[in-house]
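Asker: Okay, here's what each chain looks like letter by letter:
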Amino acid sequence: MKEQFLVKHAVGGRTFLDSDKTELTYHYEQAGASWVFSIELPQNETVEEILKWKEELNVFLFHTSADQPTKKIWFYVKDGPVDYDEGAGLLRITAQSRIEYVPDSFGFTS
Amino acid sequence: MIKVYPSAERHQVDLGWLRSRPSFSFGQYFDPANTAFSVMRVCNHDEIDGGRGFGPHPHSDMEVVTIVLSGQIKHEDNLGNAVVTEAGGVQRMTAGTGIVHAEYNASATEPLNLLQLWFMPRERGLAPSFEAKRYDESKLANAWLPVVAPEGSEQAAKIHQDMTIYMSRLDAGKQLSFEQKAGRSAYLYVIEGQLQVNNSSLANGDTARITDTPRLELAANAPTHLMLIDLP
Numbered sequence: 141m142k143e144q145f146l147v148k149h150a151v152g153g154r155t156f157l158d159s160d161k162t163e164l165t166y167h168y169e170q171a172g173a174s175w176v177f178s179i180e181l182p183q184n185e186t187v188e189e190i191l192k193w194k195e196e197l198n199v200f201l202f203h204t205s206a207d208q209p210t211k212k213i214w215f216y217v218k219d220g221p222v223d224y225d226e227g228a229g230l231l232r233i234t235a236q237s238r239i240e241y242v243p244d245s246f247g248f249t250s
Numbered sequence: 004m005i006k007v008y009p010s011a012e013r014h015q016v017d018l019g020w021l022r023s024r025p026s027f028s029f030g031q032y033f034d035p036a037n038t039a040f041s042v043m044r045v046c047n048h049d050e051i052d053g054g055r056g057f058g059p060h061p062h063s064d065m066e067v068v069t070i071v072l073s074g075q076i077k078h079e080d081n082l083g084n085a086v087v088t089e090a091g092g093v094q095r096m097t098a099g100t101g102i103v104h105a106e107y108n109a110s111a112t113e114p115l116n117l118l119q120l121w122f123m124p125r126e127r128g129l130a131p132s133f134e135a136k137r138y139d140e141s142k143l144a145n146a147w148l149p150v151v152a153p154e155g156s157e158q159a160a161k162i163h164q165d166m167t168i169y170m171s172r173l174d175a176g177k178q179l180s181f182e183q184k185a186g187r188s189a190y191l192y193v194i195e196g197q198l199q200v201n202n203s204s205l206a207n208g209d210t211a212r213i214t215d216t217p218r219l220e221l222a223a224n225a226p227t228h229l230m231l232i233d234l235p
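Chains as they are written, first to last, in my numbering: chain A, 141 to 250; chain B, 4 to 235.
Since the hints were made in silico from the structure, they are not lab data.
For every residue, glycine included, the Cβ atom is placed at its ideal position computed from N, Cα and C.
Each statement offered as a hint is correct.
Here's a subset of chain A near chain B, in silico, CB distances under 10 Å, partners left out:
hint, residue
1, Ala150
2, Val151
3, Asn198
4, Phe200
5, Lys218
6, Tyr241
7, Ser245
8, Phe248
If we strip away everything but chain B, and leave its shape as in the complex, we get (with noise of 0.2 Å):
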């Protein structure tokens, strides 16, 4: 089944220098229908002005990956990590035990564009850890790259779930097929552009949650940026 759900039906906030759109409940939107969905908790698209973000907050026992899509991101924790990603980078940090960290806009006046993603861990007390990792944009052409899975890599941010997140672009025309095992479910994110998904149409902000579906079969009908998650 594929489900979709229209960008236009989605919950919005905007806080003068935020502007998010939560796929799933989130701050003082409350829908007890749509607080999960396999082990995903959080998909925010986040618009965060220049020089604005979330200041010192803990998290605990949640994975929590940031996809920067334009801009930069700053992040600061008490563990002594402070990073700034661009787009092309991917941040992924394990709460585990607890961890306290402030994230916000690193440039002073540009805005910054990302996806803020949490996932329940494989299990509940690890080590609190963060990494980012920098993806080759080359390879996101008309093929799934892996930006994060359980095993990492040299361009994969590592997470501690049976999951992979994948990202692409695909050029106006061109296809690609994607595999489901019996038993899993997706989450598919298009961020800009008009996709055809078996039988299925989305478009910008547009997001859809798939079970028992063999194969998926996406055709693109303009340039779509698109993100497809492979979940437990």
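The shape of chain A in the complex, shown without the other chains (with noise of 0.2 Å):
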């Protein structure tokens, strides 16, 4: 199974983090109710726009398997928090909430 992760603005889409785009170093868990993304970055332009951002943010795991229709797994963030640990060079993201979809169940999928 293929795991591409992305990072977008909640509003109009703009990508900030995109596995496929750029080599990332990652992971994730749950923490209670919470999901929490800890990613490798050093501090740039793209952290400091998201955590502009932070309010609005979406994460999404898309899950791609030769024999399965692709999952896609949406992650809101809604209130975080959002943090960068700058010694760490680790942008923190916690997820409020997490729903699933395969968009081959909906008429049209492209």
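Given two chains presented individually in distinct reference frames, assemble the corresponding complex, making use of the accompanying hints.
Answerer: Structure representation (structure tokens):
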């Protein structure tokens, strides 16, 4: 299974991070009712933009495999928190909700 | 103040199947000085080829309004709604805690022309919902017709924000006025035609962001199709 990780602006869909376009080291885990994403990033304009729009972020995981339709998992960050540890070079995004969907189950997919 | 944004200066997107004119930052078009006006975040004028559209994608905490100008749009969502709306119809989607939907041209051959508008809701965390309404297009003639309003009505979709979307069709030579209450804002879009608004002139595709103007006097120099949004 291939996994694509994305962080996008919820208003208009501007892409901040895309693991298909940029090599990213990240991991995620469930913490109670939340999901915490930790991404290794140097402090740069992308980090600044993510922090600027931290109340309007969407996080996605796209799971693609040869024998299954693509599954998309959408995490809505809402109130976060979203913070950046300069010393560790680590962006931490906490998401408040998770909705899973399969595009092929809709009448239109592209 | 009436600040006019000429159509010729508006960003353009052409993806082949989609021709879009966003009034605010959208997608990979990003202007940090143009991300909102009052609670308004998005105004896209889209023309979508037959059989094309936007596949499933999510929204949250946003009031999304689609006004069909010509053609037919089909909306499908994870709440089970599957609705086709044509010209003279309006869709309102409350994204709230989260909704996934697809929206696409319901015709395989005819183009679809629409306005899509996004507004921040009065509060976050609303229950997701969707509705479509049809209004009587004859009532647009030389009058303001509310098609989206906080209370909703038989012909107006209900929106979770202190705002109203009016549509109108002015005959050449006709006039219309609008009282802007203190502290409120208004967004004007000339879909087609030529219009004088107080001392400002607007034509096809021009928009205006209006503040601190107690009374608007609109006069059509040609048959004019327009939208006015009263905003907090």
